[in-house]
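S.K.: Here is what each chain is made of, one letter per residue.
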Amino acid sequence: METGSNEPKSRYLQYLEMVTGPLEDKRRYRQYKARIKQLPQNYRTAAEALERYLLLLGPADGAAAMAMYEDLTDLFERSAADGTPIRDIFGEDPVEFVEAFVANYPVGQWRSRERNRFTSAVARAAGEDPAREDKTER
Amino acid sequence: MGKQLTEMLKGTLEGIVLATLSGRPAYGYEITAWLREQGFSDIAEGTIYALLVRIEQRGLVDVEKVPSEKGPPRKVYSLNAQGREYLEEFWRTWSFLAERLEQLREGGK
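Residue numbers (the UniProt record's numbering), protein chains in the order written: chain G, 1 to 138; chain E, 1 to 109.
Warning: the hint list may mix true and false statements.
Only some residues are given here: those of chain E computed to face chain G with a beta carbon under 8 Å [to be verified]:
no. : residue
1   : F40
2   : D42
3   : A44
4   : E45
5   : V53
6   : R54
7   : Q57
8   : G59
9   : G71
Source of the hints: derived by calculation from the structure; they are not laboratory data.
For every residue, glycine included, the Cβ atom is placed at its ideal position computed from N, Cα and C.
Build out the structure end to end from the sequences listed, making use of the hints.
M.R.: Here it is in structure tokens:
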């Protein structure tokens, strides 16, 4: 089922997505999985390890997460074509790489909510007007 | 590359990459290879990639997709007006920091 991104969705699709989450994201996720499967074995192993890390500790959700996975797939496809050794992609500290990478994408809802709450709490504690502190969204 | 150099590089790598791009447009692999030749021997392709994603999102570079003989198209990055402005600010900041550190070193003798 192709959902053209600009045309309005039918009531049925709107209802379905309320239940299942956006279908567009699911389609992009399937495409991402298919691209990962095409990679040479060692790149694929690394990509799947990275995916596990991101699912557990990654900051983003929904469409933002898909952009993140797609950008990573671009990196792996390009590196495989160039024959870049795995260690040259990740460096000595793979966690450092992945954290620098995920910092580029918007945080997921609960993290964003907690950051706002924390920022407002500090503003109140400092005797400021917390209303003007609602700027924590990256 | 020592741990200290890695730490110091973190704050300056963005400026280094923008300065590299001010000479001529380049793709990620080229930038990494060039930096390695310049003595940043342990720099990771992924680190440069993460940085390129960031400067693209912030609108400091223009990106052109160029077909490659093998594999997916390469993204070629070139510095735009906003990027040049940002690079100038980077050099001003760098001069400030370098001057202050030099003063500290001389004062410490």
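S.K.: Can D42 (chain E) be said to touch chain G, with a Cβ gap under 8 Å?
M.R.: holds, 6 Å
S.K.: Taking the closest Cβ pair, is Q57 (chain E) under 8 Å from chain G?
M.R.: holds, 6 Å
S.K.: May I ask you to test the interface hint for A44 (chain E) with respect to chain G, counting a Cβ-Cβ separation under 8 Å as satisfied?
M.R.: holds, 3 Å
S.K.: Hint F40 (chain E) vs chain G: min CB-CB distance below 8 Å?
M.R.: violated, 11 Å
S.K.: Can the hint on E45 (chain E) be confirmed by a CB-to-CB distance to chain G that is less than 8 Å?
M.R.: Holds: closest Cβ of chain G sits about 5 Å from E45 (chain E), inside 8 Å.
S.K.: Would you check whether R54 (chain E) satisfies its interface hint, that is, whether its CB is within less than 8 Å of any CB in chain G?
M.R.: holds, 5 Å
S.K.: Per the CB criterion, is G71 (chain E) less than 8 Å away from chain G?
M.R.: holds, 2 Å
S.K.: Checking hints one by one. Is G59 (chain E) an interface residue toward chain G, by the C-beta closer than 8 Å rule?
M.R.: violated, 13 Å
S.K.: Is the interface hint satisfied for V53 (chain E)? The criterion is a beta-carbon contact with chain G at less than 8 Å.
M.R.: holds, 5 Å
When the structure is compared with the earlier hints, violations turn up for hints 1, 8 and for no others.
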